Every structure is written in C-alpha cells, then in structure tokens.
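Colleague: Single-letter residue listing:
Number of protein chains: 2
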Amino acid sequence: MKTLKVALLGCGNVGSQVARILIDDAADLTARTGARLELAGIAVRNPEAPRDVELPRELFTTDAEALVESADIVIELMGGLEPARTLILHAIGHGASVVTGNKALLAADGAALYEKADAAGVRLAYEAAVAGAIPILGPIRDSLSGDRITRVLGIVNGTTNYILDAMDTTGAQFADALAEAQRLGYAEADPTADVEGHDAAAKGAILASLAFHTTFEMANVSCEGITGVTAEDIAAAKDAGFVIKLLAIAEKLEADGTEGVSVRVHPTLLPRTHPLAAVHGAFNAVFVEAENAGELMFYGQGAGGTPTASAVMGDVVTVARRLALGGHMGVEAASGHFPALPKELVTTSYSIGLDVADAPGVLSAVAQVFADHGVSIETMRQKSHSDAANASAELRFVTHRAPEAALAATVEAIKGLDVINSVTSVLRVEGV
Amino acid sequence: MKTLKVALLGCGNVGSQVARILIDDAADLTARTGARLELAGIAVRNPEAPRDVELPRELFTTDAEALVESADIVIELMGGLEPARTLILHAIGHGASVVTGNKALLAADGAALYEKADAAGVRLAYEAAVAGAIPILGPIRDSLSGDRITRVLGIVNGTTNYILDAMDTTGAQFADALAEAQRLGYAEADPTADVEGHDAAAKGAILASLAFHTTFEMANVSCEGITGVTAEDIAAAKDAGFVIKLLAIAEKLEADGTEGVSVRVHPTLLPRTHPLAAVHGAFNAVFVEAENAGELMFYGQGAGGTPTASAVMGDVVTVARRLALGGHMGVEAASGHFPALPKELVTTSYSIGLDVADAPGVLSAVAQVFADHGVSIETMRQKSHSDAANASAELRFVTHRAPEAALAATVEAIKGLDVINSVTSVLRVEGV
Numbered sequence: 029m030k031t032l033k034v035a036l037l038g039c040g041n042v043g044s045q046v047a048r049i050l051i052d053d054a055a056d057l058t059a060r061t062g063a064r065l066e067l068a069g070i071a072v073r074n075p076e077a078p079r080d081v082e083l084p085r086e087l088f089t090t091d092a093e094a095l096v097e098s099a100d101i102v103i104e105l106m107g108g109l110e111p112a113r114t115l116i117l118h119a120i121g122h123g124a125s126v127v128t129g130n131k132a133l134l135a136a137d138g139a140a141l142y143e144k145a146d147a148a149g150v151r152l153a154y155e156a157a158v159a160g161a162i163p164i165l166g167p168i169r170d171s172l173s174g175d176r177i178t179r180v181l182g183i184v185n186g187t188t189n190y191i192l193d194a195m196d197t198t199g200a201q202f203a204d205a206l207a208e209a210q211r212l213g214y215a216e217a218d219p220t221a222d223v224e225g226h227d228a229a230a231k232g233a234i235l236a237s238l239a240f241h242t243t244f245e246m247a248n249v250s251c252e253g254i255t256g257v258t259a260e261d262i263a264a265a266k267d268a269g270f271v272i273k274l275l276a277i278a279e280k281l282e283a284d285g286t287e288g289v290s291v292r293v294h295p296t297l298l299p300r301t302h303p304l305a306a307v308h309g310a311f312n313a314v315f316v317e318a319e320n321a322g323e324l325m326f327y328g329q330g331a332g333g334t335p336t337a338s339a340v341m342g343d344v345v346t347v348a349r350r351l352a353l354g355g356h357m358g359v360e361a362a363s364g365h366f367p368a369l370p371k372e373l374v375t376t377s378y379s380i381g382l383d384v385a386d387a388p389g390v391l392s393a394v395a396q397v398f399a400d401h402g403v404s405i406e407t408m409r410q411k412s413h414s415d416a417a418n419a420s421a422e423l424r425f426v427t428h429r430a431p432e433a434a435l436a437a438t439v440e441a442i443k444g445l446d447v448i449n450s451v452t453s454v455l456r457v458e459g460v
Numbered sequence: 029m030k031t032l033k034v035a036l037l038g039c040g041n042v043g044s045q046v047a048r049i050l051i052d053d054a055a056d057l058t059a060r061t062g063a064r065l066e067l068a069g070i071a072v073r074n075p076e077a078p079r080d081v082e083l084p085r086e087l088f089t090t091d092a093e094a095l096v097e098s099a100d101i102v103i104e105l106m107g108g109l110e111p112a113r114t115l116i117l118h119a120i121g122h123g124a125s126v127v128t129g130n131k132a133l134l135a136a137d138g139a140a141l142y143e144k145a146d147a148a149g150v151r152l153a154y155e156a157a158v159a160g161a162i163p164i165l166g167p168i169r170d171s172l173s174g175d176r177i178t179r180v181l182g183i184v185n186g187t188t189n190y191i192l193d194a195m196d197t198t199g200a201q202f203a204d205a206l207a208e209a210q211r212l213g214y215a216e217a218d219p220t221a222d223v224e225g226h227d228a229a230a231k232g233a234i235l236a237s238l239a240f241h242t243t244f245e246m247a248n249v250s251c252e253g254i255t256g257v258t259a260e261d262i263a264a265a266k267d268a269g270f271v272i273k274l275l276a277i278a279e280k281l282e283a284d285g286t287e288g289v290s291v292r293v294h295p296t297l298l299p300r301t302h303p304l305a306a307v308h309g310a311f312n313a314v315f316v317e318a319e320n321a322g323e324l325m326f327y328g329q330g331a332g333g334t335p336t337a338s339a340v341m342g343d344v345v346t347v348a349r350r351l352a353l354g355g356h357m358g359v360e361a362a363s364g365h366f367p368a369l370p371k372e373l374v375t376t377s378y379s380i381g382l383d384v385a386d387a388p389g390v391l392s393a394v395a396q397v398f399a400d401h402g403v404s405i406e407t408m409r410q411k412s413h414s415d416a417a418n419a420s421a422e423l424r425f426v427t428h429r430a431p432e433a434a435l436a437a438t439v440e441a442i443k444g445l446d447v448i449n450s451v452t453s454v455l456r457v458e459g460v
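Those sequence lines, one after another, are chains A and B. Sequential numbering of the first sequence, starting at 29, is according to the working numbering. Sequential numbering of the second sequence, starting at 29, is according to the working numbering.
What the hints contain is simulated information worked out from the structure, not anything from laboratory work. Treat the hints with caution; some may be incorrect.
Repeated chains share a single entry, so a pair holds when one copy, or any two copies, can fit it.
Unchecked claim - Lysine to any residue pairs mimicking SDA-like chemistry, simulated, CA-CA at most 25 Å apart:
no. : residue 1 : residue 2
1   : 266       : 198
2   : 30        : 354
3   : 33        : 353
4   : 144       : 56
On a predicted model such as this, the values are computed, not experimentally measured, just so you know.
Pulled out of the complex, with its shape left as it was, chain A reads as follows:
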C-alpha cells in the first residue's frame, strides 16, 4: 500500500483539528483512500505556542519550505497572502497537490494558482474556503457540471447572519446586536471584514468564478455591509413578510448586448417563505439556481475549527484517492472568460423608506417620480406617526424589478422633492 506524506502549514483552530483527525482517524482514512496518510510535519512560526489540541512536539517545525519539499499533499491553513502563496507555488513546483482554505489568496490570485496546478498535473482543492463545512464547491464543480448555473445567492458570513438574526428576533439595534455577538465570540474585536461585507465579497468572487467557469476578481464585487441596517428597517421588513439577510449574489446575465457576470454583496429583503429565510444564527447557506436542476440549497456551519476541518479532510481524501489510483489530477481551469458587469446593469428591486409630510398629494408626487424613471411599484405601505404635533408619515415602497441605475436615479430624484423630509432606508429585495 502506498504511503502519502502530508505536510500541514499552520496550526490554528482549523489546522489543529486537521492534525487531530489525521492522527486519530488514520485507519478510517486509509480505508477511504486506499493509501496510508502520514502526517509528516506541521510548519508553524512558534512550535511552543499553546494549541487547541495536544499534538506530538516532534511534528512541529519552523522550516515550512523543507517540509513542503518532502510532501505528496500540502495542506495550507496559514491564511493571508504571504508566505502562503510562495509556499503553495513551491509545493506545486515540487509536484505536490495542495489543499487550502485560504479565501483571501484565492480571491486575489486564484486563477494564476489554478493554471500552475493544472500545468503541473497536480490538484488544487479549496472546499474549506467558502462556507466552511458546507460542500458547495464540489457540487458546483462536479454534480452541476452538466447544467448551467444562472444565479447563486449565499449567506456566506456567519457573523453578519448572527447579528441580523438577533436583530430580527429581539428588535435590537445593530450596535447592541454587534456587542452581544462580540461578547459571545460570534464577532471579532475588529468586526470590519465581516460587517462591511469584505469576507462575503471574497467568497462571492470564488463562487462566481466556479459557477460560471470564469475568473472573477474580488475588486469587481460591489459591496455594502450591514452597519446601516436599523431596527426600524427590520421591523418594517417583518411587517411586510420579509427578513433581511446579507447576501452575496452572483449572476450571469446579458446587459447592453454583453454576456457578463455580476457579483454584489448587500443587505437584502427576502420573503420569509424563501428557503434562505430559515437560516438562523451563525449558519451559512448557498442557494443555487440552475437551468435544469432549478432551485438548490446547501446549508451548514460556515466557520469553526472542527466543521472547517471536515471540509479540508474531504479534499485531502479526494486528492489522496486520486493519487492512489493514478492518472492526471484534472484541475479545471476557467473555460470561459466573462467580463465583470457594473452593478448599474443588474436588475433588482428596491425597498425604499421615506419620511414625508403627512399632507394630500404626497403619494402622487412620489409615484410620479417612479413613473418618470420607468420603475413600477409593487406595494406601498403607509404609517402615520402617532406624534400628532409632527404631521409626518412613513411610506415604504417595494418596487418591481428594474435596472439598478434606474432605481438609484429614482431615489436621487425623490430626495429632491419638497414633500420629502428624508429617505430613511434603501434596501434591495430578492426572491420575490
């Protein structure tokens, strides 16, 4: 029986669980792969640092380069761009297959890495990079390879889903829900990457690249976080039968005669009957629309050391099986190259909240602006403020689908109306 040497780079909360599984479940892994998987070493900056899991001291090394050179499979769980990129290229150069969970690196430089792996005849696998434990990249690459995906909607950031779900359940404002999430360990001390949508944007770019067999750069993702979502937005959405989720939306579309791909991340109203609406707490889910398969959803834990380690090990076993069986590894490089479409060309629908003077003629003035921009209104709800001294009212519109540019222009024009005190909320709506 073949022995495959496995090098582990990084031993944080995911890496330490991967090491544990490689050691504790060795017999099972051999049965699954047809090869013996030998953990050859773990490269870390400080071998003496405390770990989540007790591991034999002699496995640790600070010489990542030498460890990589001896390996058949390299598992990169260091995160960040460097030295991860250099070590992955080093591994590919030495004929090793690579398993990584490094979404930042893949979003920044995935296409170049896939091409190098393909040219070298080795595998570059990265299921753990998107939505943690949820098998999503494999199903898109394999199970849906005979279909055409048209759209992907993902709840791919657990922190923001936890915060929005708490706001929906308790009526809390964003700042309070964030503080509670930080207290419970669902949000980091510096929550920027999560709450501003940057983490979701990286995952959206990876999903789009794979779903549409193209190369989509993270810089082209249009991204808006959840810091502007208020308790009032959530309450108004609830009233109207919606829930607010931070979605990464990847679409293939034709606009102005160009076939292209759009990826955007923003808070989104979804009908409460939509399967994504039932995704609570820090869970993740990816909703896929395909020409033949129709609607699919993949649900599970999007983060955490042990769940993410499951995804890493799935890749390790799949790569090891292929090494045991022989033949070319078969990385799929992008087969099409679709341009990134600016968000202005995408169609969506808006939920618009207005604080208006409570006087006759207001609604008709506002409705005229919608009509002038070719945007039609699906529903309107009016709520007069109980404070009688202040003769104002709140209007909430949900539009039909229209180009983003027309919707944005409508909002700008409404702001210029005399009868408007302020535009209190602009959110996008999907799934209707």
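Add chain B to chain A, keeping to what the hints say.
Modeller: Structure of chain B alone, referenced to chain A:
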C-alpha cells in the same frame, strides 16, 4: 480531442431531457469535459412512440445490446430490474462506465454492481437515484469522505411531502389531500409506492450504504407510510409546535454491544424550527449529521424530467472528465460491513394520542405505565371534548428518547388500561 460515445437506454421524461442536453449543449459539455460527447443512440422498445422532446429519428434503436457494446458511457434510464441489470453488466463487461438513476435496481443489487464496476476499472455513478436534482451522493462520497456521518434524515419522496404539506396548510384529511395531489400530477393513479413509503425506503437504503460505507439491503428497512396520518394528528402537532414529515432515517449506532446500521421510514414529528420543517410542497431535502461537520442540509427538486436530467448529466460529465484524463476510475466499494439493526434497538421518542375517560386518576394510571417501562414523559397536553354528554378527553404525550421496544411495549400496556377508550395516534418525534 477524444470523442466519447454515449449510449442512452430509455427515453421517458428523464431520458428525453438527457438527450436534449447532450445535443443542445454539446459545445458547453466539451468545454467542461475536455472530450467530445457523441450521443451514439437511444435504445427504446418503440422508436415511434411520442416523446417529450423532438429527437432525430435515426438515433433510436431497439437493439440495446448492440448499442451498449459500442459505447464508452452508458446512461441507463429504463428503470426496473430487468433488462436494466443485464444491460448494465453487459456495459461493464465491455469496459464502459455506467450512469444510472435506477434506485430500485441499486437498492436491490447495488453492492454486486459496484464490485463488478470496480473490478473492471470503470465507474458506476448514480446521483440521480436519490433526491433527483439534489447533489447528495457526491457530497457524501467526496466532500464528507474525511468525516464520519452519524445520521441522515431525508425528505426523499416529493409526493408524500406534497400531501403532508397540503394537510398542514389546509387542514385537509389524507384522502382529500391525496386526491388533490393526483389531480395536480403530484401523485400517481396508484400511489402505493409513494404513500406506503416504499420509494423512500429504497432511497434510505442507498443513502445508508453510502453514508456508512457498508451494504444495506432494502429488505432491512423498517417502513411505515403516511396513510394513517390524520388531520387531527397534524393539528395536534401544529398546536405543540411540530410539523409531520415522512422521513427516511439512517443511523449508525451501537446497541447491545453491536455496531450496526438502522434505516427506518415513518411519519415523524419535527420541531417547526428544524431546517427540514421549511421544506414545502414536492421539494426534497437531506439532512446529514457528521462528527466534525455538524449539521448539513441539501435541498432541491427530488423529481421531474429536467431536474433529474441535471443530476444524470453531472455524472456523465464527471465520468467523461476522468476518461479524458486517464487512470483508474475509482469506484468505492464498501469498506465496512455493518449489520442491519432491528428497529427495536433504536432509540426515538413517541408522540402518543389517547382518548380517555374524563375522570380523576386517569393521568396517574397512564403515567404509571410510562414509569413501569422506564419511559419518561417530556410534555403532556390535555384537551377536554366539548361534547358534554360524552365525558371523554384527549391526552397527547411526547416522551423523552427511549428504546423503540420500550416505547412499543408502553403503548401496548396503555391499550390494556380500563380508563382508556382508545389510542388515537402513535407517531415518532425527531430533531428535539
């Protein structure tokens, strides 16, 4: 570029869509696989029969055997045990890989077919056999191959989910919901295989075999359909925060010192907050519990020609890619052999409905029976009947988890009590 000859056996609602995709999407399929896929022919009993899709007459043949002999990939969509089994063995004998959606054949004889395919170095793929368009077998085989699955709960029959969902929404009795489902085409004229749970049982056996790397025969599935579920059961479940679903439950467990596998199909109460509770209409979903990944769910269309064709084509492309790249195909034969455990050894919890005399001492008599069998009660709800002439009441118990044998014995003993008019309902509860 390599050309791969594809033989299609059967041209019903799935087969005709597969033929359409092979012809219409040929350029895309070539880009995905690195090989040309040529539809060499379609074997049917009657080439003149009308089809869902217009296809070139010259593709049709009645000589399935000769067609199989010329093919690199054989797609078997005839259904039934024979001649499907003989033709699949013929294909394997001629070195062709096989893609099938034939759950009846796989549940009856899968282990022997996988072994033959493995020995011949060809692939036997069958994603379409369970849960239609939902990628579930691939994720279990590949993405979760480095983890240990402990339990699978599946809504794998769209007809019964449609009926139960309609009963839940409208309050209808089973017979009326079935008639409506038949009128709308969600249930067949003879609905036995669906409503008695036989279809779900076949899928449960396939899921268990794959999830636990074993061979599980359909004959060992303990199976109960939904014909006994009443509108009153559904209303009482709703009152208590539950929904009733027909689940196929596959579990690996240790009982009486034996590690084994249990598969059972029965109507099941699930909390309305459970992800499976949000699966409406004819949709399917498979909920997987794994040691490291935690809870995962896969959701989508479980039937229909076009969705199922998507799953078939995913297998075709995956097989074709591997043929284009070379090397052994790598069928995974069962690596463990776990005995089928009788359902008496499984632990579950019961929801029990009783029609009782509305008199003092009844509850204590019933509670004593639970205690005598070591079964503890989680909740009890009492409803006095409004009809005053008839001094009876309804009691609904939900138990804690206990061995199935103890629960069944408890029910038998309760039936013997004088104060009991009848046991109106016995349903199992999961997900609590």
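Colleague: Evaluate each hint against the coordinates.
Modeller: Okay, the hints, checked on the actual structure:
| no. | hint | verdict |
| --- | --- | --- |
| 1 | 266 <-> 198 | both (12 Å within a copy, 24 Å between copies) |
| 2 | 30 <-> 354 | both (11 Å within a copy, 19 Å between copies) |
| 3 | 33 <-> 353 | both (16 Å within a copy, 24 Å between copies) |
| 4 | 144 <-> 56 | between (32 Å within a copy, 23 Å between copies) |
Hint compliance for this structure: every hint is met.
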